[in-house]
Structure formats: structure tokens, C-alpha cells
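Can you make the complete structure from the sequences, with help from the hints?
6 protein chains.
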Amino acid sequence: MKIKVILPVISTQFNSEVEKEVQQFVSSEAVVEIEHLDKGTASIESAFDEALCAPDIIEKAVQAEKDGFDAVFIDCFGDPAVEAAREMVAIPVVGGFQPAVLTASVLANKFTVISVLPSVVPMIRGLARKQGIEGNLASIRYVNIAVLDLSDASALKANLLSQLEAAVTQDGAEAVVLGCTGMLGLAHSVEEAAAEKGFQIPVIDPTGAAVGFLELLVRNGLKKSGAANPTPSEKPRNFYPEGSILKKT
Amino acid sequence: MKIKVILPVISTQFNSEVEKEVQQFVSSEAVVEIEHLDKGTASIESAFDEALCAPDIIEKAVQAEKDGFDAVFIDCFGDPAVEAAREMVAIPVVGGFQPAVLTASVLANKFTVISVLPSVVPMIRGLARKQGIEGNLASIRYVNIAVLDLSDASALKANLLSQLEAAVTQDGAEAVVLGCTGMLGLAHSVEEAAAEKGFQIPVIDPTGAAVGFLELLVRNGLKKSGAANPTPSEKPRNFYPEGSILKKT
Amino acid sequence: MKIKVILPVISTQFNSEVEKEVQQFVSSEAVVEIEHLDKGTASIESAFDEALCAPDIIEKAVQAEKDGFDAVFIDCFGDPAVEAAREMVAIPVVGGFQPAVLTASVLANKFTVISVLPSVVPMIRGLARKQGIEGNLASIRYVNIAVLDLSDASALKANLLSQLEAAVTQDGAEAVVLGCTGMLGLAHSVEEAAAEKGFQIPVIDPTGAAVGFLELLVRNGLKKSGAANPTPSEKPRNFYPEGSILKKT
Amino acid sequence: MKIKVILPVISTQFNSEVEKEVQQFVSSEAVVEIEHLDKGTASIESAFDEALCAPDIIEKAVQAEKDGFDAVFIDCFGDPAVEAAREMVAIPVVGGFQPAVLTASVLANKFTVISVLPSVVPMIRGLARKQGIEGNLASIRYVNIAVLDLSDASALKANLLSQLEAAVTQDGAEAVVLGCTGMLGLAHSVEEAAAEKGFQIPVIDPTGAAVGFLELLVRNGLKKSGAANPTPSEKPRNFYPEGSILKKT
Amino acid sequence: MKIKVILPVISTQFNSEVEKEVQQFVSSEAVVEIEHLDKGTASIESAFDEALCAPDIIEKAVQAEKDGFDAVFIDCFGDPAVEAAREMVAIPVVGGFQPAVLTASVLANKFTVISVLPSVVPMIRGLARKQGIEGNLASIRYVNIAVLDLSDASALKANLLSQLEAAVTQDGAEAVVLGCTGMLGLAHSVEEAAAEKGFQIPVIDPTGAAVGFLELLVRNGLKKSGAANPTPSEKPRNFYPEGSILKKT
Amino acid sequence: MKIKVILPVISTQFNSEVEKEVQQFVSSEAVVEIEHLDKGTASIESAFDEALCAPDIIEKAVQAEKDGFDAVFIDCFGDPAVEAAREMVAIPVVGGFQPAVLTASVLANKFTVISVLPSVVPMIRGLARKQGIEGNLASIRYVNIAVLDLSDASALKANLLSQLEAAVTQDGAEAVVLGCTGMLGLAHSVEEAAAEKGFQIPVIDPTGAAVGFLELLVRNGLKKSGAANPTPSEKPRNFYPEGSILKKT
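Residue numbers (the working numbering), protein chains in the order written: chain R, 1 to 249; chain U, 1 to 249; chain L, 1 to 249; chain A, 1 to 249; chain G, 1 to 249; chain P, 1 to 249.
What the hints contain is simulated information worked out from the structure, not anything from laboratory work. Bear in mind that the values here come from a model prediction, so they are computed numbers and not experimental data. The hints are all genuine.
Partial selection, computed: residues in chain A whose CB lies under 8 Å from chain L:
(1) 10
(2) 40
(3) 43
(4) 48
(5) 54
(6) 55
(7) 58
(8) 83
(9) 88
(10) 129
(11) 235
(12) 237
(13) 238
(14) 239
Here are the in silico distance ranges between beta carbons for each label pair:
(15) U:188 x L:33: 19 to 29 Å
(16) G:166 x A:234: 27 to 37 Å
(17) U:242 x P:185: 52 to 62 Å
(18) G:195 x L:155: 26 to 36 Å
(19) P:245 x G:66: 31 to 41 Å
(20) P:241 x R:185: 41 to 51 Å
(21) P:13 x R:15: 49 to 59 Å
(22) U:188 x L:152: 46 to 56 Å
(23) G:236 x P:233: 31 to 41 Å
(24) P:233 x G:155: 15 to 25 Å
Heads up, the beta-carbon is just placed ideally off N, CA and C, and yes, glycines get one too.
Structure follows, in C-alpha cells:
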């Protein structure tokens, strides 16, 4: 089973770390390949960033299917271009949001998403509404650290822990979802630190949930719904430059 | 009051018709200017089309604010790039969906959206969920005609009328929203034809609702919410070509 | 375009102030006329007050249509007698609640209504439920000042500002609706004061939203839905005194 | 235990029949007294009718409390003036809607209300939304007979039976609520006729549910919530004529 | 009217107290009989406890119907085995949850359940969701006292009072439901103590609401819905020991 | 990774078929062991059946954890005893419902569950409500065949196909969930037959989704939430016979 991870950032700096993260969560049957964007933004923290990254995400998803991949993970919690990519390929495509919150929905009636900045809260609420599970959200919290500043792991972990504690005691959360795929390698240690303080609260890493869902979908032979994500019809489209594989689509 | 209408299609063929449509619905205080896209698609009927049109829509919205416009109407029922454009400008921005369904919500507890093709139904449902008014939808129906084939007004009108009748008698609709901004100049005549058959059902034209909402917002001095649509932070973005005003954003 | 404003109070003391307020928000095409009640209560702050004002509100709405008005604004946030008046006339009728919260719904996913007294909170919740947008309410707050004591503008403004701050920081509000049409002339200055404290939060004046919606409806030629607000059938009704124009209805 | 039944119609013609109906459903401890309106309408089938009946309903509820009654049933499925009457008295007040649909909610996950005319459907939907139980409604159906024409019991029964059958087989209803308190004496026989056709579906008579709820509330010593229905404050009210007990309220 | 109260605990220690509690709330027409379990647990505070008590609850409900009882009250707020018992008998069966929250729904738009321990909160939320009234819950609170330690009435009362105050002032509750049928004899005195502090908040005792609902159902001749709780079909079942009346079912 | 499949039926007749079914969907890392019940019922089609099977399901889940299994699948679409089993073990436990509907929620905005008999519809609706995803259900349909009669695969397949077609064309389903874990080996062939008729609709087998979810949870190191499913406290419990491992719990 070949899984393509599209990292929607325009630098190579996270590739190896993300690969390490993904490898932790896949079975021995999965072969994973990471790819970042040629055109887009340094990180996605706004609808504007999503709009600028979307065309190249779609292009890379289409290429992945052509290259024989079985599934695509668009590695961002905002699920950027997920619906558009699904329209263009038959293989399963997920972002970070859906698999994480649906995994949380198995473990908890109410859960909290802890994300990066206040600016992404409306985006996450919008995704929860579209998914029809806003009622399962205890709250949306944030550590108030930008994506590109997440590298200080110990400060981030302390911050996540205090948000988790507030989520449980004030908001009634029974589980926690890390609301950014850039919070690498922390889910388990936050969970353990919380357990030491008496909170037996699952902490869901969106990367792990995403690749787990893709393995599930591939093993079940499940492909996209033509009713939910119909293939776009032919029409004039002048967007793509020479060299784009989407030119002839 | 200057209103910019961004028509998210890559041809000039609809400009004059749309201008005529818009003029019907604005006050004498409004000056309207229509502009189509340089880069994008011939029409928007999929998330893929939206993704391809979004960058140029945003660019034109930013330019409109620089040019002193007071408000922007992105003239498509799918509200393409509306959230992203709002992040980048302070003046009010609406698409076709929000104003139309909120106007319908004043007139009716339950209303039906009649759109073009089955392929846009999931998109419309998603917008209704994001807006938090899915419970007010009696149904989403369609005439099964592509956007670019809407020009046969009499066939379209007959089709809309029979969908309206089904919406009222089978789905409990109390009002109807035309679910495509390309259904030009038909709302009133469909309403009259329905009245002749005994159905006193308001038919909402999304163009009229949109420009009406923009006039309302401008006269109330209401601009975007910084909490709902925060201005994107500075970061590397390599998407735009030379010449784009977004280069320096 | 002639707009009748029915002020549901039994004194003339607010007429000129309300007229000034309304004039701020209408286009040059709108001619506005204010009228208060002959029979009713000094202000509406309970379902009891609504019940006592309803008959004369309806009578004045019917008279307005007979007098050639194009639209009616029942100038109270509780939307008193709005449904009943709609049944009796074809021209658009709105109160203060619907236009304000639907305008807020364009600008924000979650917004807070700040009203006068705790006693009106259940009424406002009921209206939000009927409208199907309770899920968009971040909270319902109040300044704890009765309608007839709202004249101390500076105390009211300070109070509104602190409620706005709490709404944003504690409840997640992205916009604020003034929940009483008697909070005259304050929306803009509260918005500015909030902006100075770093909160870019639109503050919606229900009067401005209401007349804006009426202009929108009139310019779109939209009248009442016969399915939502059917004309009452003939039957014995002994309620009205001699002289009532409803006698013969 | 003394229960006052306020029949919101301006004729005496239903008094004895209603008394007979109520007696079927009360315990031996309940003393029931029926009273119709002096001012109002011949029946309630619109928000307009409700507005005209409300003042006298409130007056009679206040008088009932003064006269030592323990509870008030406002005998109409539209719950007219229920909230206003609750504000003015401490004893329990119910209409026909709330007790019936909440009783149905014990017996069924999904139930259908079968009412009189299409014109009352929006009113019933509004009540269901305000009550927060719209999701439990399988459908709202109607027999298409006006209240004052319900006297032909056998035609009504046949009509109810066919609506019940459609509600169960097409809408997924597990119970049925008669949506008009004027459908006297039919619940049990409709239930039996349905059972003969193989449908074991409880049919709830709103009158029986209402007086049952009042007995429950009185025996539990439960009075109104001051938070939900606060007593109106003092203020000028010029509505009531000489002789009204509300004059001095 | 004969009402069977099944007390789902395996000791006799509460029988007389519960009988006294029930007698307070029934009419003179009701004959009440209490019965505890032979097999089960000392109290129900988990889904595990419910699973262990369910078989004997069902057996005793079936026996009650055979013995001529008209209705069954399964005396626990978790509604254990209520759906299963309804499948096996035609007479009305209720637990403590449904009647209490539906009674609260008449008196209040938003109410708080105050239960025993944090561990039962998910159970109560699940019941509220199944009932379709989660939106009416202001909050679920708890006194943090286990069922078997509820006997210290004055500590419990003080605790309930402070939870009530928090529910009203922080969560917007308009009524309170005691969320455990073991909080005997306290509803009225908590209500009075709250009133002395200025909170006019109905406090609903689940036992009183349950028997009140059963009297309502019996007097209305309402039995179970065959669509909601169909009688189980014949099939091999080897669960019950010799002597069980369910052996031959 | 060792996965225990608890088949909640009291015969051995399905063991080998189920094992074959499960093997199709697991990775090479998973070792699967099937176990049926000693005490319970021949199949689960009612809350009564669930109640009778629950104690032995819990016992076998506890034993599985003691025996070193990493996860438990309770192989029934009704999720019988899932919550109770979770309380008693730390390893992940799922039934058939949650994983299937959450998988469908990734692929579709609206999906239909096709189950066995009308009698299980209320059970499935209750599970959907508890999960908070009732709004994502296009409909609940059934083939009207009892679990023990599902062995005629070709009749079942034809029936499923016609229900799928109705779900898509009448109810707006974008995906289909097989609503009984006894519909073995049919998901893929129904999907293919539907595709031949032009419906590109994913058909989700609950068995495949369940073991896929368990692999995901185990690989993510996710265990139960102590807040959602707290371990039951010590107290007298006399339910279990000599020999039960739950005796001392």
C-alpha cells in the first residue's frame, strides 16, 4: 500500500520530521512518500493561505494517483483542497481534520480541539459544522503559537497540558485532538503528563489518525463517492501554466 | 456608494447581462462595476473550479478596495473565495449564497434552493451547514442544466416552475431561492407564474439579495469582523506571479 | 419607497429621536414615517407587554398598507406581532430581531446579543430558536437597564463596551447585536471604543439592519409568503371596538 | 385540586362537550371548570386570531388564580398567550401543544402531529422549534378541515386514520399527536382503528395530556420559573377597559 | 390504578423510604408497590451496573404486567432497561430521566440536571441526546457524592443549593432537575432555600415526575408504541435460569 | 497486534464465516480470534436481546484483556454492551455501528444505513443520536429479512441493491452503510452492481470498518477515556455466578 503525504508548505524543512512522525503510525504494509509544494505558502493559517496552496495540492494529488499511489494525506489540519482533490481522483484523500475528530468521536462524547492561533478557530468551527459534529465539540482552544514557531517542544508541551486541563475541568472534554499537524511527536507525551496529573484523557495526533484512516479505507477497498465528490465536467480552464498535468484535464 | 461585482468566469460574455441584472436591484446611490477573471474557469460547478478561480478573485477584491470601492459582490452562488477575500480587505464582501438564504430566512421557516446540477448539491449543503441554517432548508433541488446552458430562458423557467411546485407540495417549502447567479432575470416571472397556479411563494434572486445586503452593510457602516476573518500574518508566499498586487501583501 | 415605522409604545417621547436614528440608515429613496401606539404599554419587556401591544400594532400595519406604504418596521427587538401583521398585509413587515441577527450571521459564525434586562433573555432565546439560528448565538447578555432608563447614553455605552469585551473573550463572539431598538445612536461609538481596545468587532444596530432589510425586500419586489403567513379566514371576531379598520376584516 | 379550562373561543357552543372530554382524563381529585372568552375570535387558526384572543385569555388566567384555582389549561393546540399568562400568575399554566408533544416524546423517538389546516403548519413548526424538539417530529400533517367544521366525527376519523397510516409508513412516525384540541373524543377510536390495520401507534389527545400534566405539576408542587417567565415590571399600560382586573396590575 | 416501582438495587434498605417518597406524589387512586432486585448491584452508577441489573429489571416488569399492574416505574435516573422492558410489556414503563426532563421542558427553556458523580455525566448526556433535548440542557452538574452516601440530607441539601445557584447564575438554568432518584425528599426544601436567596427556580424530583407521568399515561389509556418498542421475535435464548418467567417468552 | 472478535450469539455456526470476513480487512500484523457467547441469544434484534447478551459480552471482553489482546470488536451493529465493556477494560473496544458511520462520514455528507428489520430502526436512530451524527443520516432503510435468514446471499444482494438505489435517488444518500454485521461478504459486490447501474456509491461493511478502526487505535496507542468511560467503583454486586471472572471485580 503506497501512501502519498502532501505537505502543503513551500519549504523542505519539515519533510524528514514529518516522515518520521508518519512512520510511527503506519503498518508494515504501508510505503510512505512525503512531498511538499512548489507553489503556495510557508504554512496554512488562514483561508487566504488555503486558497494559495490549493492549486498545487490538487496537482500533486492527481500526480500521486497517476504514479500508482493508493491514498493521499494532505498534511494540514485545515483540510485544504480536500474536497477539490477528491473530485479529481478516485483514490481516498483525507486531510488532518476529519480523521482526527471522527477518531475522537469514537472515544468521547465531547472533545476539545487545541490548535495554534485564535485566527484558525473560525476555520475549525466551519469544518466541524460541515462535518455535522459541532455538537460533539466541548471547545476549540489554542496555544497561541504560530505554526512556524512550534519547534520549541517543551514550551509547546507545557502549554498543551494546561489547555488540556482547562478543557477537561472547564469545558467537559473527554478527549483532546491536537489541532495542527505541525505539533509533531507530542500527543503521547502530553497524554502521559496528563495521566500523571490524574486526567485519563486520550490525545489524538491528527497525523496518526489520518494515515490510520487511509489504511482502513484502502483495506476496505473504499473509494470516493461520486455523489459527494463528482468528477468535474469538461470546460475552458485557463488557470494552469505550461507543464501542469492539469492542463488537459 | 461604489459596488464591485466580480464575475468569476474567464469570458466577457456575461458582463453586460449581469450588469443589467444588478442595476434592477440597486438604489440610485449605488454605482456598479462588473469585472470578470483573467485566470480561472468558464463557470464554477465544483470545488475544483472554485480552487482554480479563488486566487484571481482575491486579487480582484484587493484591487477593488485599493480603487475605492465600498463593497464587493463575488457573483456566484457557491460563495467562492468569500472567506479568503474578507481576510484581505476591510470592506464588506458577499457571494450569492449567504444573502439569498438569509433573506429567505426572513420570509419563510423552510425554503428550497433550486440549483443547476446534482453535482452542486453537496457544495450547497456544505454552505448551509457552515452558515448554521441547514435546518431551515426544506430541500435542495436542481433543474439539471449546466451553468453555460442556462440561456434558454423559457425551458429554464418551466423547469424552475415545476421544481417550485414540487418544493412546496412535497418538501414543505414556503419560499424558493434560485441557487445559481446565472439564472438571470427569472425570479419575478417564476414567482408570477407560480402565483397563477395558486402558490404565493417568494422567489429570491441571489443577485438582488446580494447587492441589497451590500447596500445595507455599507449604510450601516459595517465592516468585516477581525475575529471572524483576521488579516493573514506575514510569511513567505511564492504563489503570485510578477505583477500581482498580492506580491507584497 | 415609503416605510412606516410603528413604535410600539404609548407615548410620543421617542418619536423624534427614532426618526433621527432611522434617517441615518436609509437611502435617499426612502420616505420614513413614525407612528406610536394608541393602546398598549410604555415599553415592551415581557410577553405580557407584547400581548397588550399586538392588536394596535396589527391595526396600524393594516392601515399603513391601505395608506400606500411599501414596508413596515415594527420598531422593537422582540418582533412583537410580526407574524400576525404579516398575515394581514402583503407588504414586507419586519421587527428588530430578524434583520439584526441575520445581518450578524453574514459577518460572524458566532455573535452575542446584548439586551436590556435578564427578563428578556428567554424571549430572545425563543426568537433565536424559531429562526433556527440558536447555534450561531455565542451568548445573550444584558446591561441590566430597563428600556425607559436607557437615556443615560454614557453609562449605557460603558456598560455595552464591557459586555462586548466579555462576549468576545469569554463567549467567542465575533460580532455583537444591540438587543433593544431603544439603544439609539450607540452602535458606531461602541464599535469604535472596542476597536481602540483591540477588538475589531462589528456592532449591529437593529434599527439600521431592519430598514436596510426592508429596502432590500422592496427593491427585490419580495412580498410575504402565503405559505408561511397565510391570510386568516373569515370568522366571527368581536375583539375590535367601533372605529377599528379591522372590524370588517 | 381545582383546574380552570379557558376555552379561547367567543361562543358557548363547545363548553359542555369540552367539559365531557376533560372529565374523561382527570382523577377524582380534580374539579374542573370551563370558561370561554368574552372578547376574541370564534376559533384560533392564525397568529392574528391568537393576538386577538390573548388579552382576554390573560385576564381570565389572572382571575382564575385570584379565585383559588390550582392550575390553568388554555384549551388550544397553538398555546396562545401561554407565556404571557405564566408571567402574570404563579400557578401552572399549559396549552395543548407542550403537554401533548412531551407525552409523545416519552412514547416515541419520532412522532407526527396531525392538525387541521395547512395554515397552522408554520405555527406548529414554530412551537416545536421553541420547545427544542423539532428533531423529534416525523412530520406535521393536516386533515384539511377548519376547526369549526370538525363536528362531522366519522369523516374526521377516517381522515385522521389515513393521515396516521401515511405518517407511519412514509414519515417514520412511531406515535401520533392530534394537533387540535377541537378533535374531541377521537384519539382512542382512531388508535383502535389503526390497531385493526396492524399499526400499534399511540394517539395522543392534547386535552388529556394537558390536564394530566397539570395534575402532575400540582401534585409535585411545581410552580412557574421566575427565570423563564418573570413577573412584568410596573409601567404605564393603557390597554384595558374599565372593569378589567388587569387595570391595576 | 396499580403502579409497580422497581427499585434497581439488591438490598431492602431503601424500600420504605422510597415508598414514603412515592406516596407524596400520587393521587388517591394510585396503589403503589415497591420491589427491589434479587440479582444486580447495590446501586447504578455506570453502564456496567446497568448491564448487571437489566435482566432482573425486565423480569420484574414482565411479572408486574402479569400481576395486573397498570404501569411500571424503574426507579433510577439512568433509565436502566427501560427500552427493553417496554419491548416485553404493553403497559407504560418509565424510568427517572424522561419524565423529569420533559417536565422541566414545560417549565423552562434551559434547565440543569444536578446528579451524583462525574462518572454519570456521560450517561446523562447520552440520554439527553437520545431524547433529542440536549439543546435544552443548560448544564449537567453533580454534588460529587456517591448514591450510597446520599443519606446525609443536610450536607446534600447545602451542596444542591450551591449547585443550583451556579446553574442559574453561570449556566443560564431556569429550572433544576435532581439527577438521581436517591435524592429523596429534598426537592421542595431546596426550592424553598433557593427562593429565600432570590432564585424562583422549580426543582424537579424525578420520582414525583415519573409517577405523575404514569398516572397521565394510564388515564389517557396510552400504551407502548409497537413501532418504537416492538415485541421481540421468538428465537433461542439460553440466558435465564430455571424459574424465570422469561424462560418461555 | 491481537484482536478479539466477540460474536454475540449463542451458537458456533457463524464463527468460521465471520473469521473469513474479518481476515479480508485486517493487515498482516493483526492476529484475530473469534469467540461466541455462552449465555445470551441466537441473534440481537431488540433491546431485550441486548440486555440478555450484555453480561457475557462484558465477561469475555474482560477476559480478552487479561489474555493479552490489544483490542476488542463486539461483532454486532447495535453496539451491545460497548459502553459497559469500555468501563471494565483499558484496551479499545468497538461495536459495528460507530466505526461504520464514522467511516461513512468521511466519504459522504449524507449516508443511508440499510439494516435488517423495521424493529431495529429505533435502535439505530438512538445510536445515531447518541453519536451526535443523526443529521448526517439520509435515511435508515431495511431489507426486511431477519438476521438468521440472511444466508440467501443472492436475494439479499438484490434487496440491498434496490434499497441503495432508493437511498440515492429518493433520500439523497452519497454512501451506504450495511446496518448488520451479519451481511457478510456483500459490500463489495453490491457496490459493483450499483456502479454498473451508474451509482458510484461506497458501500461500507461494518466488520471492515470496525477492525480498521481498531488497528488505527492500537497503532496510535489510544486507549479509553477515563472521563467518558470511568472504571466502576467497588460495591456489592451479586449478579455473577461462581466461576465468573467478574466475581471479584
